[in-house]
Amino acid sequence: MTDIKQTPQENEAIKPAPDSGKAVASEEAKPKKAPRSRLFRSERMTIVEPAPHAKGKNSVPRIMYTVILALLPAVVLSLFLFGTRAMVTIMVAVFAAMVAEYVCNRIMKSPVTIDDGSAILTGLLLALTLPPSFPVAGTALGAVVAIVFGKQVFGGLGANIFNPALIGRAFLQASFPVKITTWSMPAFAAKGVYFDMATKNAVDGISGATPLGLLKFEHIGTQLKPLLFGNIGGCIGETSAIALLIGGILLLILKYADWRIPLSYIGTVFVFSGALWLINPELYPNPLFMVLSGGLILGAFFMATDMVTSPVTPLGTWIYGVGMGVVLVVIRIWGGLPEGVMYSILFMNGLVPLLNRWTRPRYFGEIQEEKKK
Amino acid sequence: MKLSTFKKGLHPEDYKYFSRNQAIETLPPPDDVYLPLQQHIGAPCVPLVKKGDRVKTGQIIANSEAYVSAPVHATVTGIVKDIEKYYHPLGMRETMIHIQRDGEDEWDYLEKIRDWKWTPKEQLLKTIRDAGIVGLGGATFPTHVKLNPPDDKPIDSFILNGVECEPYLTADDRLMIEQADKILLGMAIMMHILDVQKGYIGIENNKPEAIARMQKRVVELGYPFKMVPLKVKYPQGAEKMLIYSVLKRKVPAGKLPLDVGVVVNNVATAFAVAEAVCEAKPLIRRVITVTGDGVTQPKNLMARLGTPFKELFNACGNVKDNVHRIFMGGPMMGMTQYHLESPVIKGSSGIVAVSGDLVEELLTFPCIHCGACVKACPMNLLPLRISKFGQRGMPEQLEEYGVTNCIECGSCAFACPANIPLVQWIKVGKLRLREHQAKLAKEKA
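First to last, the protein sequences are chains B and W.
Note that the first sequence covers residues 19 to 391 in this note's numbering.
Note that the second sequence covers residues 13 to 457 in this note's numbering.
I should point out that these hints are in silico values taken from the structure, not numbers from a laboratory.
Just so we're clear, the structure is a prediction, and the values are computed from it rather than from any experiment.
A hint or two may mislead.
Said to hold, decoys possible - In the SDA-like style, the derived pairs of lysine to any residue whose C-alpha atoms are separated by at most 25 angstroms in a straight line are:
id, chain 1, residue 1, chain 2, residue 2
1, W, K165, W, V80
2, W, K387, B, L369
3, W, K260, B, S77
4, W, K293, W, I189
5, B, K273, W, K20
6, W, K400, B, Y381
7, W, K14, W, P236
8, W, K194, W, N217
9, W, K97, B, P68
10, W, K20, B, W352
11, W, K28, W, P236
12, B, K73, W, T308
13, W, K138, W, P40
14, W, K20, B, V196
15, W, K68, W, K28
16, W, K260, W, D207
17, B, K273, B, R375
18, W, K387, B, G74
Looking at chain B on its own, in the form it has when it is part of the complex (with noise of 0.2 angstroms):
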């Protein structure tokens, strides 16, 4: 009972099979498998191992490297529209990314985490959240700041509370307010033609506001089409709903991201900020407006569903992003900023392991026991 030991112990030898004369010859010639078997095992032995002796097929890397593969359309289409710039930013954030990971590696004298692909993960996702104008040394430091405190001084991958990539933003966004909120103007859009490929080398220099800040500080109203492909100033990968769609839906159909985060988080923003639309028009925006503008869509199908940093339980997960919803309408309409996806997880992010305590599901059969009492 109390041997819970995982690395399977040698065992007595099993009887070959009579006719197996000839198979000392292939033995030396099979390929050696995983490291611990060429440690404890000869090819005579068996694993003795405690129960299941089956596994799924998902692994912690496989769920990583899905998320990135998700995210791919927008950071595509954010090459199209920002150019090199954004493929600068988004190469030194991974890059930075991993060094840093490396670096605690070793310092912590742990195993080596960087081929899991949460740093790489957590780079792209930093950069994806930055301006492409943003400067390359801020990127840098950004996701280093992302590993080493949102990640590593908890103790490593699924130890921290908060999202890594948002506290590197954080960051950023106490280090540099200027900067970051410096907007570049897709290139097609700033010229007014959608298929222009020749300005894609002057993406640097055409700045212009979100749709979020131009509503904010001087109240201008942005159409919903650009809107939905992109063809808006923003960060990196925030401004194509459509293509954040595409990989969000592949990671719900997955179940690599929980369904319930993405519908109570967006969905709470609707009729929250529809409510206060139907009593005053004038004064406040569209709710469609409010949904498709900002980071909403990357943060709800992709921060927000951190796995590490959302509740387990059904309940709490509800709680969660509805409350996420609330914190992001309160900050848009009332708050000083023009966004606030980014607080509004890192806020809910902090309540994860109360609301994990509350929302304990009721055991198989605990509820005819205390109607019993």
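Let chain B serve as the given structure and place chain W on it in line with the hints.
Frame of chain B, contents of chain W only:
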């Protein structure tokens, strides 16, 4: 038609194709059998024979005075070689009676019962006890205890468990196809003992042949049993899950199926009951599936209890060279075997040898709180939390989160993308909680 089932659970690949179409073969009695003194839940037996005695097939060689216990029978005719510690399939070494066959096969039958319908229940229960019948699905709880509920617990339904939700195993499947009559007879006898009218037969939908065969015989023989085809899902064969699937009744936490008026028995148990009551044969053999991609010729064997696993593999063309692990029972709850001298016991429903291709060795990652275990747990527990509490030894939290309700089905560990040995930590947690409760009781006293 929508098939009934329970909530949550999962769908492991079933690999039943290896042995599904292999008719049950009777394995000739082996030269040596090793019979553990305890093959059931309850009080261990005391040997009634000594070294050098000659025993007949079916003779009681170990018994216990206790009520919750079941006797052990000699399964071959021969000489008791010795009573020593040998390798036990559930790990460690246990005291076993080693009998060497002397070539004959003389039977020592049970007391004959003329007509079970007119026999007092006490006598039927005694016969079932004398036959050494226990739950053959794997839990090995003595059947005569199960069939004799206390008077204040009225029983209204009987469920025959033909689910066999564990991957690889096909023993019950074949038994239902080939011995439907005896199984139904056994079920009728058990229902007669319990005096219940409503009988249900739960079979998962991946056994169409067994469902058709049983359905046909139920109609032809005029039994009032209801067939309940179930959606394929693990762990449907667990008692609590099956009761929910069939009757939509929830067994309260910490209670028994008796508390919701249900008795569940396995098809192999029903078969054994029919053989004991109508043919006076004690439980000395059972169907065991020898399968997996590490076996040359997978088969379903009717083997004498106490047969070493080695003999079973020999009858199936031996294990292949690339065999990677061997376990008794299904892959979800089975025990890995470290010695092929270990014998078949009453709870052995299968012995599976797999190569590395099917079961890979996997790296363990930290828990990323993905909730896969929560979505899989049929008991609606939070395996990730409980295993953590078990690891850290936090008895109060373990109790609050209902660790004792875990049925150790392995669904959480199957689903875990980080390959954390959740079930093992939960077992540790149960142990910690028991220790803590013992300590509290001591302090109070």
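The hints, checked one at a time:
| no. | hint | in the structure |
| --- | --- | --- |
| 1 | W:K165 x W:V80 | holds, 18 angstroms |
| 2 | W:K387 x B:L369 | holds, 21 angstroms |
| 3 | W:K260 x B:S77 | violated, 34 angstroms |
| 4 | W:K293 x W:I189 | holds, 21 angstroms |
| 5 | B:K273 x W:K20 | holds, 14 angstroms |
| 6 | W:K400 x B:Y381 | holds, 18 angstroms |
| 7 | W:K14 x W:P236 | holds, 23 angstroms |
| 8 | W:K194 x W:N217 | holds, 22 angstroms |
| 9 | W:K97 x B:P68 | holds, 23 angstroms |
| 10 | W:K20 x B:W352 | violated, 43 angstroms |
| 11 | W:K28 x W:P236 | violated, 30 angstroms |
| 12 | B:K73 x W:T308 | holds, 23 angstroms |
| 13 | W:K138 x W:P40 | violated, 29 angstroms |
| 14 | W:K20 x B:V196 | violated, 50 angstroms |
| 15 | W:K68 x W:K28 | violated, 36 angstroms |
| 16 | W:K260 x W:D207 | holds, 22 angstroms |
| 17 | B:K273 x B:R375 | holds, 23 angstroms |
| 18 | W:K387 x B:G74 | holds, 13 angstroms |
When each numbered hint is compared with the structure, violations occur for hints 3, 10, 11, 13, 14, 15.
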